[in-house]
Amino acid sequence: MSNYSLRRFKDRLALWLGALCAVLAMIPLISILYEVVKNGASTINVDFLTAAPGVIGQPGGGIGPAIQGTLILVGFTIIIGVPLGVLSGIYLSEFGDNPIGRVIRFLNDVLAEFPSVVIGVVIFTLIVLTLRSFSVVAGALALSIIMLPVVTRSTEESLKLVPNSIRDASMALGIRRWRTTLSVVLATAKSGIVTGILLAIARVAGESAPLVFTILGSQYFFSGLNSATDALPLRIYRLALLPYPYAQAQGWGAALVLILMVLVVNVGVRLATRGRLYSTRS
Amino acid sequence: MSGRLNLQKLFEGLKHPSSDGFFRYGSLVFAGSVVAIIVLSLVVLVQGAFPALTKFGVSFLTGTNWDAATGFGALPYILGTLLTALIAIMIGVPISLGIAIFLAEMAPDVIRVVVSNIVELLAAVPSIIYGLWGLYVLRIWVANYVQAPIQGSFGFLPIFGGTSYGLNFLTAGLLLAIMIIPTIASISREVMVSVPNSQREAAYGVGATRWEVVRMSVLSYSRSGIFGAAILGLGRAIGETMAVTLVIGGVTGASALPTSLFRPGQTMATILVNQLSEAESGSLQLAALLGIGLVLFAIAFAINVVAQLLVWRVLKVQGGAVE
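Line by line, the protein sequences give chains R and W. If you count the first sequence from 1, position 20 lands on 26 in our numbering, and the numbers rise without skipping. If you count the second sequence from 1, position 56 lands on 109 in our numbering, and the numbers rise without skipping.
Read the hints as simulated data drawn from the structure, not as lab findings. All residues carry an ideal CB built from backbone N, CA and C; glycine is no exception. Incorrect hints may have been included.
Cβ pair distances, simulated, as ranges [unchecked claim]:
{"hint": "1", "chain 1": "W", "residue 1": "Asn250", "chain 2": "R", "residue 2": "Ser8", "range": "25 to 33 angstroms"}
{"hint": "2", "chain 1": "R", "residue 1": "Gln225", "chain 2": "W", "residue 2": "Ser277", "range": "49 to 57 angstroms"}
{"hint": "3", "chain 1": "W", "residue 1": "Val82", "chain 2": "R", "residue 2": "Leu137", "range": "22 to 30 angstroms"}
{"hint": "4", "chain 1": "R", "residue 1": "Ser48", "chain 2": "W", "residue 2": "Ser112", "range": "50 to 58 angstroms"}
{"hint": "5", "chain 1": "W", "residue 1": "Arg165", "chain 2": "R", "residue 2": "Thr56", "range": "19 to 27 angstroms"}
{"hint": "6", "chain 1": "W", "residue 1": "Phe209", "chain 2": "R", "residue 2": "Thr136", "range": "37 to 45 angstroms"}
{"hint": "7", "chain 1": "R", "residue 1": "Tyr40", "chain 2": "W", "residue 2": "Val167", "range": "17 to 25 angstroms"}
{"hint": "8", "chain 1": "R", "residue 1": "Ala193", "chain 2": "W", "residue 2": "Asn170", "range": "25 to 33 angstroms"}
{"hint": "9", "chain 1": "R", "residue 1": "Leu30", "chain 2": "W", "residue 2": "Asn197", "range": "14 to 22 angstroms"}
{"hint": "10", "chain 1": "W", "residue 1": "Ala121", "chain 2": "R", "residue 2": "Ile33", "range": "43 to 51 angstroms"}
{"hint": "11", "chain 1": "W", "residue 1": "Arg165", "chain 2": "R", "residue 2": "Ser37", "range": "31 to 39 angstroms"}
{"hint": "12", "chain 1": "R", "residue 1": "Ile85", "chain 2": "W", "residue 2": "Ser206", "range": "55 to 63 angstroms"}
{"hint": "13", "chain 1": "W", "residue 1": "Gly258", "chain 2": "R", "residue 2": "Ser8", "range": "18 to 26 angstroms"}
Isolated chain R, as found in the complex (with noise of 0.2 angstroms):
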């Protein structure tokens, strides 16, 4: 019996240990959030959300031209990465069934893990060097080239759970298989596609590594696609490295814009979603 004790006493003690491991993870998020609001908070104002950063070293100035490079930016990300995206997760879902899919999908998760940091150093090479500017288009291409592996899965494992009788119903009604696709599928899987682009989305606007060397930031407002460009996060970077009280406040304020950015979309996603992925899934 004593035996037994000591196995029960056992089981209790893994249950607290991964309790316990939980709780341990979350303190480190609780303190971001309470930190990022309590010394964010008081920097945002509407001056100092539109206004341009001032000279360095003196107080003042906003993170406007980081906000609008931000969307800017993010605007480009999305024209190059959504449709890049959807239609190599279709031809995965539709036709990867073979060989050169399996490859793709492999090498899909692959870039999907690599690091942000080396992409940046590739686009750095081939577009920033070869065209001697820094420019809102070479970030746009690095954060596309971020976005695409997380659209292309997503996008996949959406159409995949589309149950192949509409298919097959679209199909005997004669309707071609480009079609079936792209108008029955595709429809059918609309809320999947939409929920992983906005992750993706959220992902890239948080993105800093490859900013430093494609968009490299600015203290001045969009001036062309041609030329250096800030950004929320380069912004936050930047003000961390200066040594002044002012800057460690703007700092907090910009993170604080950035975290709300981000948040708001995940977790929207996450309750707008709530119960049907799990629902269609099983």
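For this one, chain R is given, so just place chain W on it according to the hints.
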């Protein structure tokens, strides 16, 4: 859905283009862009790093200098990357496994939903925000509550020597551990959930407790998948950039060699952030930095291929068999 790839059919399709064939091979062109991106990246990096690789040869990987006069060696940054990633794995893997076991096998449903959502949110926080938090919050904790006591008692040991600002390998490794926990925990959880129930029932049938079921059935069945998840976490830790840049100190040359947990250093990713955008076009420094990019590319590629093979075998092959 479609059969094996048939070259003859492919050529026929090209000879007699139909809207379906056009759609199929058109989407293949887009899907193939992934392959093109990876191959092009390799070519670009090899070509860019070529001057440094030919000039320094093997000593590019073993040298410790970092200036135009004495040459460029990447050893301190390679070791710095490995050390920070190792710290991250040693701290991150046990905690992630605890979370995964708790979520997959033990937690009540309500707690399971709440905790897994929080873990997913942790994965969504941008790297730069972890960096900012690491710089202003975690660094102070490490300096006051880890570094000060250890240096007070064991400061005479070389591996604990160093400055007291908290900008060092240990802070970077800790921050990385926090950042990779969501990845490892959620993949390990998926692997554990995919263990067939018959395995659990067999253990319950002979009177095992819940923990014994986890240990005998779940863990032994999902070992290779969990290993794959840990390696994916290692890949994340090696490639993670901005957060590490803000807390590691960023020194170059021989002083960046990881001789102490509490000394500032540099990783491959951080030296790229610190120097690449200012490197002069055509200079040897630029070639050396691209060489570091190439080494990072090779390590990340190898790690991810191994990890995908391990995780993929467990999740996708089993998933396919169930369908």
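Inset, instruction - Report the numbers of all earlier hints that the structure fails to satisfy, in ascending order. - result: 5, 6 and 11
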